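Trainee: Top line first, the protein sequences correspond to chains A and B. Quick note, this note's numbering runs 18 ahead of the 1-based positions in the first sequence. Quick note, this note's numbering runs 3 ahead of the 1-based positions in the second sequence.
No wet-lab data here; the hints were simulated from the structure. A portion of the hints provided could be inaccurate.
[Unchecked claim] Output of the computed footprint for chain B on chain A, the stretches with three or more beta carbons under 8 angstroms from beta carbons of chain B:
hint: 1; segment: 224 to 230
hint: 2; segment: 314 to 326
[What the hints assert, rightly or not] DSS-like, lysine-lysine: derived pairs with alpha carbons at most 25 angstroms apart:
hint: 3; chain 1: A; residue 1: Lys132; chain 2: A; residue 2: Lys148
hint: 4; chain 1: B; residue 1: Lys208; chain 2: A; residue 2: Lys105
hint: 5; chain 1: B; residue 1: Lys107; chain 2: B; residue 2: Lys208
hint: 6; chain 1: A; residue 1: Lys105; chain 2: A; residue 2: Lys132
hint: 7; chain 1: B; residue 1: Lys107; chain 2: A; residue 2: Lys148
hint: 8; chain 1: B; residue 1: Lys101; chain 2: A; residue 2: Lys105
hint: 9; chain 1: B; residue 1: Lys277; chain 2: A; residue 2: Lys105
Please read all numbers here as calculations on a predicted model, not as lab measurements. For glycine and all other residues, C-beta sits at the position ideal for the given N, C-alpha and C.
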Amino acid sequence: MQVRAEHISKHYAGLAALDDVSLTVASGELVALLGPSGSGKTTLLRTIAGLEVADSGVVYFNDRDAAQSRIQDRGVGFVFQHYALFKHMRVMDNIAFGLRARKRNKLKEAEIRKRVMELLDLVQLSGLEKRFPSQLSGGQRQRVALARALAIEPSVLLLDEPFGALDARVRKDLRRWLREIHERTGHTTLFVTHDQEEALELADRVVVMNKGKIEQSATPDEIYDTPATPFVFSFIGESSVIPVVVGNGRATLDERVIDLEVGTLPDGPAQLYLRPEDIAMVTDGGPGIPGLVVSTRRIGGMRRVTIECGLARHRIEFDAPAETPIANSQRLQVRVIGGRVYGAGSEGYETEKLAASATSDFKWAKAEGWLDR
Amino acid sequence: MSEAATAARRKTPRQVIGEGPRTRFVLIAVALAFLGLMLIAPLLVVFIEAFSRGLGVYLEALAMPDTMSALQLTLLVAAIAVPANLVFGVAASWAIAKFDFKGKSFLLTLIDLPFAVSPVVSGLIFVLLFGANSVLGPWLQDMGIQVLFAVPGIVIATIFITFPFVARELIPLMQQQGSSEEEAAVSLGAGGWRTFFLVTLPNVKWGLLYGVLLCNARAMGEFGAVSVVSGHIRGQTNTLPLHIEILYNDNKAAAAFAVASLLAMLALVTLAVKTMLEARFAGSLAAQRRH
Numbered sequence: 019m020q021v022r023a024e025h026i027s028k029h030y031a032g033l034a035a036l037d038d039v040s041l042t043v044a045s046g047e048l049v050a051l052l053g054p055s056g057s058g059k060t061t062l063l064r065t066i067a068g069l070e071v072a073d074s075g076v077v078y079f080n081d082r083d084a085a086q087s088r089i090q091d092r093g094v095g096f097v098f099q100h101y102a103l104f105k106h107m108r109v110m111d112n113i114a115f116g117l118r119a120r121k122r123n124k125l126k127e128a129e130i131r132k133r134v135m136e137l138l139d140l141v142q143l144s145g146l147e148k149r150f151p152s153q154l155s156g157g158q159r160q161r162v163a164l165a166r167a168l169a170i171e172p173s174v175l176l177l178d179e180p181f182g183a184l185d186a187r188v189r190k191d192l193r194r195w196l197r198e199i200h201e202r203t204g205h206t207t208l209f210v211t212h213d214q215e216e217a218l219e220l221a222d223r224v225v226v227m228n229k230g231k232i233e234q235s236a237t238p239d240e241i242y243d244t245p246a247t248p249f250v251f252s253f254i255g256e257s258s259v260i261p262v263v264v265g266n267g268r269a270t271l272d273e274r275v276i277d278l279e280v281g282t283l284p285d286g287p288a289q290l291y292l293r294p295e296d297i298a299m300v301t302d303g304g305p306g307i308p309g310l311v312v313s314t315r316r317i318g319g320m321r322r323v324t325i326e327c328g329l330a331r332h333r334i335e336f337d338a339p340a341e342t343p344i345a346n347s348q349r350l351q352v353r354v355i356g357g358r359v360y361g362a363g364s365e366g367y368e369t370e371k372l373a374a375s376a377t378s379d380f381k382w383a384k385a386e387g388w389l390d391r
Numbered sequence: 004m005s006e007a008a009t010a011a012r013r014k015t016p017r018q019v020i021g022e023g024p025r026t027r028f029v030l031i032a033v034a035l036a037f038l039g040l041m042l043i044a045p046l047l048v049v050f051i052e053a054f055s056r057g058l059g060v061y062l063e064a065l066a067m068p069d070t071m072s073a074l075q076l077t078l079l080v081a082a083i084a085v086p087a088n089l090v091f092g093v094a095a096s097w098a099i100a101k102f103d104f105k106g107k108s109f110l111l112t113l114i115d116l117p118f119a120v121s122p123v124v125s126g127l128i129f130v131l132l133f134g135a136n137s138v139l140g141p142w143l144q145d146m147g148i149q150v151l152f153a154v155p156g157i158v159i160a161t162i163f164i165t166f167p168f169v170a171r172e173l174i175p176l177m178q179q180q181g182s183s184e185e186e187a188a189v190s191l192g193a194g195g196w197r198t199f200f201l202v203t204l205p206n207v208k209w210g211l212l213y214g215v216l217l218c219n220a221r222a223m224g225e226f227g228a229v230s231v232v233s234g235h236i237r238g239q240t241n242t243l244p245l246h247i248e249i250l251y252n253d254n255k256a257a258a259a260f261a262v263a264s265l266l267a268m269l270a271l272v273t274l275a276v277k278t279m280l281e282a283r284f285a286g287s288l289a290a291q292r293r294h
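Here chain A stands alone, though its shape is the one from the complex (with noise of 0.2 angstroms):
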């Protein structure tokens, strides 16, 4: 089933929780809502499920207005983060307790028996029917949860942050999990995550939200390669942030100890943003971006160095190999390979790539000065 938000609004006490979002998600889709917390995901996904009423906007379920319908008619499967089972109910009865309330074609105890018994298999807790949630880890709460969900047969799966309160390894575990459920099962899915890591593997299609809007939806891979606005740039992986001035075609900062070839944006302030990988350390005694080393850390096979350049010691993190040998206050030169500027345009941000080549023409001779302050 598709299912498509449009136009909704939602203030709390004068704050907007959701200003003006439109989502579509087409029928079969796996889609993560990624933002940070506050950003307005779970009330998004709350609304679509009826649990709360958007000041303005319509959800529809395929063609349908979802207003029209009373939340337990939509037949929606909801997964909370905090897995919401009930307390006092065998794992059985939880799972059986959408079947057991349902109107229209209700099921004899023996074939909603059969039904938990095919549900618990699908999410491997087979012989823990007869347990309370209590008994159970956090992991299988979460997958009870997630059988009791898929038990009504809902025409849309959404999922709240739910592997939010896992630690890292079972969340590693399930995510891969859902993934085979949701392959095997087509369901149209909707999760609200604020880990991108878990977004990114996961979805078909990420949408990134921050202050009740969305700042982009598109592929995995679209969003991390090509962040059509600097908040998704910073939000998805490592970055470094560094104020430039657009000028004839060229991104400059301090004197020319950057200078970059930038094509068509706009003159004006801008935004250099750099990847850990954008940065390469200068070895062949090339000319390059005089830094100052303030900090090394080690992370896995890389070594993480901080440098810091220009007069107001902007700093900026690039990965070298873990043999390297780079200690705090040595000095060394890096060229950018890569990278983004994001310059105010008239309809949000213009934003253009860096080519690996637009690291030419530093006057970097000249630049040395600014290591001696």
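Since chain A is already given, all that's left is putting chain B on it; use the hints.
Mentor: Chain B alone, transformed into the frame defined by chain A:
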């Protein structure tokens, strides 16, 4: 550190928080002395005085027709007031804990009103409301309904006084539990009643029972408000507490204490049941927190 030294240290557990043994002894002694003087001694006196003239006088006092009718009235009032407050209390806590609406905090304050107001004042309120010179009084008289100095007045006053017990017990519990289980039930297709009886009620059952017990204890023991509205008609509108006062004022101390011991027994039984429930309740609450 050597193993022997480690073992020695383990043997003498050091109190990290707390006072020295002498201070602790003094504090505990003071607390026990106070408890004994203010609570245990009076309770013992009730029973000693009750049996001071022997078992015969004791049983005779209990068997008096006025005592029996007072006991019956007390049980009748409790049997009406407690279920009424059970329903009111559950409805009020459900509304306050699970929904947001204008005037919520006002309603919360209102529920506490019977705790804040002196019971005598509560009684007077009903005299003013239903008395002969009130707005409702003449109309009730025309209808032939006797409220004041009759059972309805006593029931109304008791309901008023005991209203907060159930609600006060349930509201914090329901607020702590939140609404997500109810939301889950509703999203699974359950209607309002089904959600209430299968999800909400089982989650608060221990707290509810506890609230009902306290409510019952107070309904049986209430003196001030009932005293004002009852009219003290022996054998008709005297509840047990009122009956005890009358016996005492008639210089029938042994009889008064005999009836008082009956009331005290009711209180002790209530406390015993409450303690049992608390142990049970604490367990299930802890389990819910673990959840």
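Trainee: Does the alpha-carbon distance linking B:Lys101 and A:Lys105 stay inside the 25 angstroms limit?
Mentor: Status holds; Cα separation ~18 angstroms.
Trainee: Measure nothing beyond the straight line between the CA atoms of B:Lys107 and A:Lys148; if it is 25 angstroms or shorter, mark the hint as holding.
Mentor: 40 angstroms, violated
Trainee: Does A:Lys105 lie within 25 angstroms of B:Lys277 when you go C-alpha to C-alpha?
Mentor: Distance ~23 angstroms between B:Lys277 and A:Lys105 Cα, so the pair holds.
Trainee: Quickly compare the C-alpha distance for A:Lys105 and A:Lys132 to 25 angstroms and report which way the hint goes.
Mentor: Between A:Lys105 and A:Lys132 the Cα gap is close to 22 angstroms, so the pair holds against 25 angstroms.
Trainee: Compare the distance between the alpha carbons of B:Lys208 and A:Lys105 with 25 angstroms, and conclude whether the hinted pair is satisfied.
Mentor: OK: B:Lys208 and A:Lys105 at ~13 angstroms, within 25 angstroms.
Trainee: Given as covered by chain B, does the segment 224 to 230 of chain A meet the bar of three residues or more with CB within less than 8 angstroms?
Mentor: n = 0 at 8 angstroms, threshold three: violated.
Trainee: Are the Cα atoms of A:Lys132 and A:Lys148 separated by 25 angstroms or less?
Mentor: 15 angstroms, holds
Trainee: Can you take a look at whether the segment 314 to 326 of chain A is actually covered by chain B? Rule is 3+ residues, C-beta closer than 8 angstroms.
Mentor: violated (count 0)
Trainee: Measure nothing beyond the straight line between the CA atoms of B:Lys107 and B:Lys208; if it is 25 angstroms or shorter, mark the hint as holding.
Mentor: Holds, at about 24 angstroms.
The earlier numbered hints that this structure contradicts are 1, 2, 7.
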